[in-house]
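K.L.:
Each chain, written out:
Number of protein chains: 2
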Amino acid sequence: MSDKPLRIGIAGLGTVGVGVVRIVRKHAKLLEDRAGRKIEIAAVSARSRDKDRGVDISHYDWEDDPVAMARRDDVDVLVELMGGSDGPAKAAVEAAIAAGKHVVTANKALLAHHGQALALAAEKSGSVLRFEAAVAGGIPVIKALTEGLAGNEITRVMGVMNGTCNYILTRMEATHQGYNALFEEAHKLGYLEADPQLDVGGIDAGHKLSLLSSIAFGTQVDFDAVELEGIEQIELQDIEEAAEMGYRIKLLGVAQMTGRGLEQRMSPCLVPAASPLGQLEGGTNMVVIEGDAIGQVVLRGPGAGEGPTASAVMGDVIDLARGLSIPTFGIPAAKLTAARPAKAVVPAPYYIRMELDDKPGAMAKVAAVLGEAGISIDRMRQHGHHSPTAPVIFVTHKCARNQIDTALEGIGKTKVVSGAPVAIRIEEV
Amino acid sequence: MSDKPLRIGIAGLGTVGVGVVRIVRKHAKLLEDRAGRKIEIAAVSARSRDKDRGVDISHYDWEDDPVAMARRDDVDVLVELMGGSDGPAKAAVEAAIAAGKHVVTANKALLAHHGQALALAAEKSGSVLRFEAAVAGGIPVIKALTEGLAGNEITRVMGVMNGTCNYILTRMEATHQGYNALFEEAHKLGYLEADPQLDVGGIDAGHKLSLLSSIAFGTQVDFDAVELEGIEQIELQDIEEAAEMGYRIKLLGVAQMTGRGLEQRMSPCLVPAASPLGQLEGGTNMVVIEGDAIGQVVLRGPGAGEGPTASAVMGDVIDLARGLSIPTFGIPAAKLTAARPAKAVVPAPYYIRMELDDKPGAMAKVAAVLGEAGISIDRMRQHGHHSPTAPVIFVTHKCARNQIDTALEGIGKTKVVSGAPVAIRIEEV
Numbered sequence: 001m002s003d004k005p006l007r008i009g010i011a012g013l014g015t016v017g018v019g020v021v022r023i024v025r026k027h028a029k030l031l032e033d034r035a036g037r038k039i040e041i042a043a044v045s046a047r048s049r050d051k052d053r054g055v056d057i058s059h060y061d062w063e064d065d066p067v068a069m070a071r072r073d074d075v076d077v078l079v080e081l082m083g084g085s086d087g088p089a090k091a092a093v094e095a096a097i098a099a100g101k102h103v104v105t106a107n108k109a110l111l112a113h114h115g116q117a118l119a120l121a122a123e124k125s126g127s128v129l130r131f132e133a134a135v136a137g138g139i140p141v142i143k144a145l146t147e148g149l150a151g152n153e154i155t156r157v158m159g160v161m162n163g164t165c166n167y168i169l170t171r172m173e174a175t176h177q178g179y180n181a182l183f184e185e186a187h188k189l190g191y192l193e194a195d196p197q198l199d200v201g202g203i204d205a206g207h208k209l210s211l212l213s214s215i216a217f218g219t220q221v222d223f224d225a226v227e228l229e230g231i232e233q234i235e236l237q238d239i240e241e242a243a244e245m246g247y248r249i250k251l252l253g254v255a256q257m258t259g260r261g262l263e264q265r266m267s268p269c270l271v272p273a274a275s276p277l278g279q280l281e282g283g284t285n286m287v288v289i290e291g292d293a294i295g296q297v298v299l300r301g302p303g304a305g306e307g308p309t310a311s312a313v314m315g316d317v318i319d320l321a322r323g324l325s326i327p328t329f330g331i332p333a334a335k336l337t338a339a340r341p342a343k344a345v346v347p348a349p350y351y352i353r354m355e356l357d358d359k360p361g362a363m364a365k366v367a368a369v370l371g372e373a374g375i376s377i378d379r380m381r382q383h384g385h386h387s388p389t390a391p392v393i394f395v396t397h398k399c400a401r402n403q404i405d406t407a408l409e410g411i412g413k414t415k416v417v418s419g420a421p422v423a424i425r426i427e428e429v
Numbered sequence: 001m002s003d004k005p006l007r008i009g010i011a012g013l014g015t016v017g018v019g020v021v022r023i024v025r026k027h028a029k030l031l032e033d034r035a036g037r038k039i040e041i042a043a044v045s046a047r048s049r050d051k052d053r054g055v056d057i058s059h060y061d062w063e064d065d066p067v068a069m070a071r072r073d074d075v076d077v078l079v080e081l082m083g084g085s086d087g088p089a090k091a092a093v094e095a096a097i098a099a100g101k102h103v104v105t106a107n108k109a110l111l112a113h114h115g116q117a118l119a120l121a122a123e124k125s126g127s128v129l130r131f132e133a134a135v136a137g138g139i140p141v142i143k144a145l146t147e148g149l150a151g152n153e154i155t156r157v158m159g160v161m162n163g164t165c166n167y168i169l170t171r172m173e174a175t176h177q178g179y180n181a182l183f184e185e186a187h188k189l190g191y192l193e194a195d196p197q198l199d200v201g202g203i204d205a206g207h208k209l210s211l212l213s214s215i216a217f218g219t220q221v222d223f224d225a226v227e228l229e230g231i232e233q234i235e236l237q238d239i240e241e242a243a244e245m246g247y248r249i250k251l252l253g254v255a256q257m258t259g260r261g262l263e264q265r266m267s268p269c270l271v272p273a274a275s276p277l278g279q280l281e282g283g284t285n286m287v288v289i290e291g292d293a294i295g296q297v298v299l300r301g302p303g304a305g306e307g308p309t310a311s312a313v314m315g316d317v318i319d320l321a322r323g324l325s326i327p328t329f330g331i332p333a334a335k336l337t338a339a340r341p342a343k344a345v346v347p348a349p350y351y352i353r354m355e356l357d358d359k360p361g362a363m364a365k366v367a368a369v370l371g372e373a374g375i376s377i378d379r380m381r382q383h384g385h386h387s388p389t390a391p392v393i394f395v396t397h398k399c400a401r402n403q404i405d406t407a408l409e410g411i412g413k414t415k416v417v418s419g420a421p422v423a424i425r426i427e428e429v
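The listed protein sequences derive, respectively, from chains A and B.
According to UniProt numbering, the first sequence holds residues 1 to 429 in order.
According to UniProt numbering, the second sequence holds residues 1 to 429 in order.
Quick caveat, the hints were computed from the structure, so don't treat them as lab data.
Model, not experiment: these values are computed from the prediction.
Even for Gly, the Cβ is constructed at its ideal location relative to N, Cα and C.
Just to be clear, a hint being listed does not mean it is correct.
Unchecked claim - Quick look at which bits of chain B chain A covers, simulated, 3 or more residues with Cβ under 8 Å:
(1) 7-13
(2) 65-78
(3) 140-151
Claimed, not checked - Just a sample of chain A residues kept apart from chain B, beta carbon distances all over 12 Å, derived:
(4) P5
(5) D86
(6) A144
(7) N152
(8) P196
(9) D224
(10) S387
(11) A390
(12) H397
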């Protein structure tokens, strides 16, 4: 414990930055008791000094340049809340590390792209780089994985880690509206990133998964190896068919070490409606961690927002005030191995939907293609209809993804379906 | 980081102790990478040296006396897994602390009764006392509360923290058998403590709740103030009536700071069946933490067993190897305030069941008693019956527990009911 206060410099005064200022002001005494020393804001930096943010920042030194702030003698910890994988966020974090200062960041993109280099630099300079707020908002999942469950060989990490996607999917089910209507609703509510592809394309959640993978499996962050699939192609019909069969559709991240290498994927999946993941509503996040000793632990909480994200930032700041020193990804960066990406994901049952022509022999052609691809069918359903095509759903037994791809291609060539058939993995959770 | 190994001495080689030995042997390299130094077992102690435990302990020094082991020069950390609030467990922990050694324990009874004295002693001698395994098995909840959520003022902590009780209650519902049959089943499966009252009387779970309370509210552990009620009086009928109304019955712990003082209770409650707590099956544990910034976080995982509990122990051991130093209950023991127990629990709706005589005027008498106690009725149901008495269920609007007690006493005096009426709190979760 130190008698000196821990002085932080906050770069970025958006929602989360304001949340951090609020906590430091409101809970000064509580934080001092818990951290063993005072936590003070030495300086702040943001794009506009004069914007009304609802908190008084006049007591803190202002810096126009976050890099200059990161280098200040009176800043012990840079709290980086600007976002963006490059540009000022990266420059400020690098400057802080070069100056031997600790860094707390909520920036998943930065770490997904530059995590290994930053971790190496931090460990070389004696800095500690923490990023609890970058993954699953307020849920203390980085801590659970890096510390609480450190006695386990981790076997699988799964998660619903983009609240906006989960909001859209659960609202589609609740309101019986299609994807486009709910995308618009999410946009109006301010739930979407400036580039919505970060959300609905699974990129944001993929960033988070790549960070969890690194800790779980002792591998260098390898975001490029995350198999990404967004939620844009999910139709209301898929959600309703899934529900009738006892499933819900989630944008699910899965990372697991297999005999064929590290599998990382972020894609829509059918999960049992009665499972914790299946029951997840709205913007809530959930991370499931499986280890050889623990079995399974499930963590659930708010995935975004001022309070939850600021709570995660403050958890890291308090750790630093208490003197915690852990390598960024749980083991020294030099010991992280290059991840060998699995060439194929582990087999699973799949849900397949297609619009089949209502013509004699159409079904036989599709069934033949599935059979040729070595896919056996667990369940099939075709609804009554009044159109020249009928929606047909197949649920397969376990098969490889390349068998599914072969079948989808073959089904396209039969010319008895309208539009592209859709395949969604069914995940055992 | 230190080049020296961290050497542990394990006192108690039951299920959990064996689990710890297994992890240290199986994951030596992984633990070294994560902890930054080797973790070694220097010595072990248990009642019988020769018992076959399925692991080879011949490499470790043996001590008949755990106190002697705690004092060994080559033991840095005492891992206390003997259990019991007093006797050898307390003596060994005190000896370790007096010798300036760190302690990791899974012993909730010890801490519930002597936590404050041990925390003071540990902080005086420079020892760190950790107890993740004492609460909710493998779930890293102590870490979440003490560290990850340390930026929050905690407003409420709730939990289902006795797997045996939850097993009995969920099996009653699933098998339509009464309490006694499932108690026997749990006994045969070895799920019950030697003194079953520790489980079904809510004592074990109450111990855990008192530890969470202390961290959450910065108060001295005050187990004696936990309002305890066991599950023995729960009948199958209560479970089935609750289910019909959309509730499930859980042995639920709730700790919250109210204007009237600290409320701590461990008692059967009706919780919404669709809530995370309501969905909890079998021996799984769940802890819900609510804070001013985070909102709500839910942690779910195995509450007992070799692997999960050993996982929690190893999390603490790795923390110590990494140099983590945090006061036992999150803030220095001398700063923990004496908890001022709330004299009355916050009002809630209640479920009331009674066997009402099938006689004219009987219902009027009961309704009059409820009205006189100031209790208004939200729902009432009486089933068709072929006996001289009829089961009648009331669900009240929010009222104080003393109003319920007054009403139960008054109903008894009407002489129109058979047996004692039962009241179960309905908790908003």
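K.L.:
Each hint needs a verdict: does it hold in this structure or not?
P.N.:
Consistency of the hints with the structure:
no.: 1; hint: 7-13; result: violated (count 0)
no.: 2; hint: 65-78; result: violated (count 0)
no.: 3; hint: 140-151; result: holds (count 8)
no.: 4; hint: P5; result: holds (16 Å)
no.: 5; hint: D86; result: holds (29 Å)
no.: 6; hint: A144; result: violated (5 Å)
no.: 7; hint: N152; result: violated (6 Å)
no.: 8; hint: P196; result: holds (25 Å)
no.: 9; hint: D224; result: holds (25 Å)
no.: 10; hint: S387; result: holds (37 Å)
no.: 11; hint: A390; result: holds (35 Å)
no.: 12; hint: H397; result: holds (27 Å)
Comparing the model with each earlier hint shows violations of hints 1, 2, 6 and 7; every other hint is respected.
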